[in-house]
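Peer 1: From just these sequences and the hints, can you work out the full model?
Single-letter residue listing:
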Amino acid sequence: MNATTLLRLLEGQYLCAIRYKAEYEDLLDDVVSEEVNTWLEKIDMRLSRISKDGAFFMAPNLIRLSDMTRVKEELRRFRDVYGPAVAMLDLIRQSKSESITLSPGENLQLAEMEASVIESASLENHLRAMAGVVKGYNLRHSIRENLKHLFEHLRDDGYVVLANAQTDVYQITGKIEQLYAVIEFIAENESIISHRVEDEIIEPNLFRDVHDA
Amino acid sequence: MMHDGSDQIVRLLETLAKNGALITEAFEGTIEFGDRHRNKAIDALASINAIKPYEEGIYRLNPRLREFIADHLVSYQAYQTLTRISGSVYQAKTQWSEIRLLRESGALTDADRLERAFDDSISEIAYAIERNLTLLHSLISTQYGNVSDLSSKLRQNTFYAKEIADSLKEMRQVDETFTKITAEALADGFLSIRQTINRRLLVGKLLSWTMQIKDAQAVITKRLFLARQLEERLRRLSRMSLWLQQNKTADGFEIEISERSPVALFKPLPIKVREQIDVRDTDAMVFEKLVAAIKRLPARELARASGQDESPKPQLVVTDSLDEITIEIQAHERKLDELLEELNDTVGPISLARWKDAHQDLNDLTVEEWLLFSSTELHNDGYVVTFVTVEEIDAFPVNEKFSDVLVMRG
Numbered sequence: 003m004n005a006t007t008l009l010r011l012l013e014g015q016y017l018c019a020i021r022y023k024a025e026y027e028d029l030l031d032d033v034v035s036e037e038v039n040t041w042l043e044k045i046d047m048r049l050s051r052i053s054k055d056g057a058f059f060m061a062p063n064l065i066r067l068s069d070m071t072r073v074k075e076e077l078r079r080f081r082d083v084y085g086p087a088v089a090m091l092d093l094i095r096q097s098k099s100e101s102i103t104l105s106p107g108e109n110l111q112l113a114e115m116e117a118s119v120i121e122s123a124s125l126e127n128h129l130r131a132m133a134g135v136v137k138g139y140n141l142r143h144s145i146r147e148n149l150k151h152l153f154e155h156l157r158d159d160g161y162v163v164l165a166n167a168q169t170d171v172y173q174i175t176g177k178i179e180q181l182y183a184v185i186e187f188i189a190e191n192e193s194i195i196s197h198r199v200e201d202e203i204i205e206p207n208l209f210r211d212v213h214d215a
Numbered sequence: 005m006m007h008d009g010s011d012q013i014v015r016l017l018e019t020l021a022k023n024g025a026l027i028t029e030a031f032e033g034t035i036e037f038g039d040r041h042r043n044k045a046i047d048a049l050a051s052i053n054a055i056k057p058y059e060e061g062i063y064r065l066n067p068r069l070r071e072f073i074a075d076h077l078v079s080y081q082a083y084q085t086l087t088r089i090s091g092s093v094y095q096a097k098t099q100w101s102e103i104r105l106l107r108e109s110g111a112l113t114d115a116d117r118l119e120r121a122f123d124d125s126i127s128e129i130a131y132a133i134e135r136n137l138t139l140l141h142s143l144i145s146t147q148y149g150n151v152s153d154l155s156s157k158l159r160q161n162t163f164y165a166k167e168i169a170d171s172l173k174e175m176r177q178v179d180e181t182f183t184k185i186t187a188e189a190l191a192d193g194f195l196s197i198r199q200t201i202n203r204r205l206l207v208g209k210l211l212s213w214t215m216q217i218k219d220a221q222a223v224i225t226k227r228l229f230l231a232r233q234l235e236e237r238l239r240r241l242s243r244m245s246l247w248l249q250q251n252k253t254a255d256g257f258e259i260e261i262s263e264r265s266p267v268a269l270f271k272p273l274p275i276k277v278r279e280q281i282d283v284r285d286t287d288a289m290v291f292e293k294l295v296a297a298i299k300r301l302p303a304r305e306l307a308r309a310s311g312q313d314e315s316p317k318p319q320l321v322v323t324d325s326l327d328e329i330t331i332e333i334q335a336h337e338r339k340l341d342e343l344l345e346e347l348n349d350t351v352g353p354i355s356l357a358r359w360k361d362a363h364q365d366l367n368d369l370t371v372e373e374w375l376l377f378s379s380t381e382l383h384n385d386g387y388v389v390t391f392v393t394v395e396e397i398d399a400f401p402v403n404e405k406f407s408d409v410l411v412m413r414g
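Chains A and B are the protein sequences, given in the same order. Its first residue numbered 3, the first sequence is counted upward by one per residue in this note's numbering. Its first residue numbered 5, the second sequence is counted upward by one per residue in this note's numbering.
In short, the hints are calculated from the structure, not lab data. Quantities reported herein were computed from a predicted structural model and do not represent experimental measurements. There may be inaccurate statements among the hints.
What the hints assert, rightly or not - Below, in silico cross-link-like pairs of lysine-lysine (BS3-like), each with a Cα-Cα straight-line distance of 30 angstroms or less:
no., chain 1, residue 1, chain 2, residue 2
1, A, K54, B, K226
2, A, K98, B, K209
3, B, K173, B, K209
4, A, K54, B, K299
5, B, K276, A, K44
6, B, K226, A, K98
7, B, K271, A, K44
8, A, K98, A, K74
9, B, K276, A, K98
10, B, K226, A, K23
11, A, K54, B, K166
12, A, K74, B, K276
13, B, K252, A, K23
14, A, K44, A, K74
15, B, K299, A, K137
16, B, K299, A, K74
17, A, K150, A, K44
18, A, K150, B, K271
19, B, K157, B, K173
20, B, K271, A, K23
21, B, K276, A, K137
22, A, K137, B, K252
23, B, K184, B, K209
24, B, K252, A, K74
25, B, K166, A, K150
26, B, K276, B, K299
27, B, K252, B, K226
28, A, K54, B, K276
29, A, K54, B, K271
30, B, K184, B, K218
31, A, K23, B, K173
32, A, K98, B, K166
33, B, K218, A, K54
To be verified - Far from chain B, by Cβ distances over 12 angstroms, these chain A residues were calculated:
no., residue
34, M3
35, I20
36, K23
37, R95
38, E126
39, G138
40, N140
Note that CB positions come from ideal geometry on N, CA and C, so glycine has one too.
Peer 2: Spelled out as structure tokens, the structure:
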């Protein structure tokens, strides 16, 4: 077992192939994951994954009342807990809406995003509205500097890593799937953000031809 | 005739081999005229149609040759279509009808020649199917490695989902057509044709090919599903962002959480881990670390250095206040003092029972209580105490009973 695998889990990190490659690959080994699970069970925890192929993390072995209260409180304070990440990632999505997927492993180039924001007054306004959200944001700073603050904020929160410091390329980590899971849960329980008719994709059914065959 | 043909093929392949570098260049893009030697090579390749003119002075590789090399290298362009086999199936079907007609009319030589062409058609179908499978497996296993952009990969995935659907339809067409031909061949007594079809197409192979195409279809369908999931979660993210913008006074959501809620909601809380040195460990490295750790500790303050007397001082218990204990004197105790004064003034004995009767303020006490209390106190003070016993006949006396106590100065 990798020496840092357990430590990272105890730190409360999400071990994905992008941010903690060695530890993630370590846990893909059934023997190691079993060993880690046995160890964690002794402290009433267990090894879990966000999705079938998602990042590993340490979850409570049995969900206690205190755990449920904590999550309930996090959802009640969604704007403070998850709101900044939602707003920042959505701005990134809008700046590259044609081809972006915001999935783990995807590269995000600061220069490319800067060009999109400069070209679009709406995106620039959106960025300006982030003044109270992004750490270190300053209205006197340039668009590039403020976008850099935005990426660094996401980096501090573990949603991206700096893949190339020279070219300011960031890469999305597996932790983003935890955010998607929370939003999905809310969508299933709250009508406010659930599926709307106008959001339907206008394109032929991708499955029809396949299934008809 | 056959010998001349072989020579032509040999010469053709020699020309290709001699100009291999140019063909490689043409496989990657276009080729242009250059020096005399290069121009001569281009002319040679153009004369055998290995390259085709594209623009003035620019040539491209013959698409058939490109296809042949690409198949060999398993290197495919993006959106490379699967080879359609319905044309070959139609061709084989027509050839079969003609073979039957020729046989019936007795033109056996023509029928034999057509049988060879029919055999080629079957081989072509088998080859095309296998090539399609190689192409599909190559693209799926490299996750559409011919493009790097994820969206383009997803679009290619959609494209191949449709291609596979068409391919499966053609496989059914092959099955139906050749099953019918084998039945007719058996009825007409053309056993060799039946055998050829069974060996090259039907028995085992067609089923295996169909299975492989369906496997590829399953992978592609799964990817399409994942693509839809990706789109759906981005839509949710954007709706959530919009909700946060439009509902500035709302902080979040009131949703009940239970043990069955998704585990991903339960973010891990960090558990602090701190390394400690085992002071009992005798390992040299650990010992060195221990010494280093001790060195890092702040120096002990020495009292002598500051010139203060180190000798221990006497200890003193200091209390804030001394509580004064006030003893409350009871009524019967005060009466005892009165009795003492009376005793001191009296020569003879005093009956304690009668003395109590004479003092009304002792009514709170019973005679028994008064006698026990006063006699004990007076006896302790040195007075002569005499118990007035009760004469009672008792077979087994336990206590000596008395009715009064007489007291007098000792």
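Peer 1: Hint by hint, say whether it matches the structure.
Peer 2: Here is how each hint holds up against the structure:
Taking the CA atoms of A/K54 and B/K226, the gap is about 14 angstroms. The hint holds against a cut of 30 angstroms. A threshold of 30 angstroms between alpha carbons decides the hint, and for A/K98 with B/K209 the separation of about 47 angstroms lies outside it, so the pair is violated. At most 30 angstroms may separate the alpha-carbon atoms for a hinted pair to count; B/K173 and B/K209 meet this at roughly 16 angstroms. Using a Cα cut-off of 30 angstroms, the hinted pair A/K54 and B/K299 is violated, with the two alpha carbons roughly 50 angstroms apart.
With a CA separation close to 16 angstroms, the supplied pair B/K276 and A/K44 stays within the 30 angstroms bound. Annotation: proposed proximity of B/K226 to A/K98 holds, straight-line Cα distance about 25 angstroms (limit 30 angstroms). Distance restraint check for B/K271 and A/K44: the Cα-Cα separation of roughly 19 angstroms lies within the 30 angstroms cut-off, and the hinted pair is therefore satisfied. Taking the CA atoms of A/K98 and A/K74, the gap is near 33 angstroms; set against the 30 angstroms cutoff, the hint is violated.
Between B/K276 and A/K98, the direct Cα distance comes to roughly 40 angstroms. Violation of the 30 angstroms bound is thereby established for this hinted pair. A distance of roughly 25 angstroms separates the Cα atoms of B/K226 and A/K23; the hinted pair therefore holds under the 30 angstroms criterion. This hinted pair checks out: A/K54 and B/K166 have alpha carbons roughly 27 angstroms apart, not beyond 30 angstroms. Taking the CA atoms of A/K74 and B/K276, the gap is about 24 angstroms. The hint holds against a cut of 30 angstroms.
Only pairs whose Cα atoms come within 30 angstroms are accepted, and B/K252 paired with A/K23 is rejected, the gap being roughly 39 angstroms. In summary, the hint linking A/K44 to A/K74 is supported, as the alpha carbons are separated by about 26 angstroms, within the 30 angstroms threshold. Between the alpha carbons of B/K299 and A/K137 the distance comes to roughly 40 angstroms, so the proposed pair goes past 30 angstroms and is violated. Between B/K299 and A/K74 the CA atoms are separated by roughly 48 angstroms; this puts the pair beyond 30 angstroms, and the hint is violated.
Taking the CA atoms of A/K150 and A/K44, the gap is near 42 angstroms; set against the 30 angstroms cutoff, the hint is violated. Taking the CA atoms of A/K150 and B/K271, the gap is near 27 angstroms; set against the 30 angstroms cutoff, the hint holds. With a C-alpha separation of about 24 angstroms, the suggested pairing of B/K157 with B/K173 holds against the 30 angstroms cut-off. Proximity of B/K271 to A/K23 is assessed by CA-CA distance (about 20 angstroms); at most 30 angstroms being required, the pair is judged to hold.
With a CA separation close to 26 angstroms, the supplied pair B/K276 and A/K137 stays within the 30 angstroms bound. For the hint pairing A/K137 with B/K252, the CA-to-CA distance comes to about 19 angstroms; that is within 30 angstroms, so the pair holds. Distance restraint check for B/K184 and B/K209: the Cα-Cα separation of roughly 17 angstroms lies within the 30 angstroms cut-off, and the hinted pair is therefore satisfied. With a C-alpha separation of about 20 angstroms, the suggested pair B/K252 and A/K74 falls inside the 30 angstroms cut-off, and the hint holds.
Pair hint B/K166 plus A/K150 does not hold up; C-alpha atoms about 42 angstroms apart against a cutoff of 30 angstroms. Between B/K276 and B/K299 the CA atoms are separated by roughly 25 angstroms; this keeps the pair inside 30 angstroms, and the hint holds. Proximity of B/K252 to B/K226 is assessed by CA-CA distance (about 39 angstroms); at most 30 angstroms being required, the pair is judged violated. For the hint linking A/K54 to B/K276, the alpha-carbon distance of about 28 angstroms falls within 30 angstroms, and the restraint holds.
With a C-alpha separation of about 17 angstroms, the suggested pairing of A/K54 with B/K271 holds against the 30 angstroms cut-off. For the proposed pair B/K184 and B/K218, the alpha carbon gap of about 24 angstroms is at most 30 angstroms, so the pair holds. The hinted pair formed by A/K23 and B/K173 fails the criterion: a straight-line CA distance of about 44 angstroms is larger than 30 angstroms. Distance restraint check for A/K98 and B/K166: the Cα-Cα separation of roughly 28 angstroms lies within the 30 angstroms cut-off, and the hinted pair is therefore satisfied.
Distance hint between B/K218 and A/K54 is fulfilled; the C-alpha atoms sit about 23 angstroms from each other, no more than 30 angstroms. Distance check on A/M3: its Cβ is at least 16 angstroms (rounded) from any Cβ of chain B, clearing the 12 angstroms threshold; non-interface status holds. Distance to chain B confirms A/I20 as a non-interface residue, since its nearest Cβ pair spans about 15 angstroms, more than 12 angstroms. Chain B leaves A/K23 outside its interface by the beta-carbon criterion, the shortest separation being 19 angstroms against a cut-off of 12 angstroms.
With a least beta-carbon separation of about 6 angstroms from chain B, A/R95 fails to lie farther than 12 angstroms from that chain, contradicting its non-interface assignment. For A/E126, the non-interface assignment is confirmed: its Cβ lies about 16 angstroms from the closest Cβ of chain B, beyond the 12 angstroms cut-off. Listed as a non-interface residue, A/G138 keeps its Cβ farther than 12 angstroms from every Cβ of chain B; the least gap is roughly 21 angstroms. Look at A/N140: its CB is around 22 angstroms from the nearest CB on chain B, clear of 12 angstroms, so calling it non-interface holds up.
Violation of the numbered hints given earlier is confined to hints 2, 4, 8, 9, 13, 15, 16, 17, 25, 27, 31 and 37; the remaining hints are satisfied by the structure.
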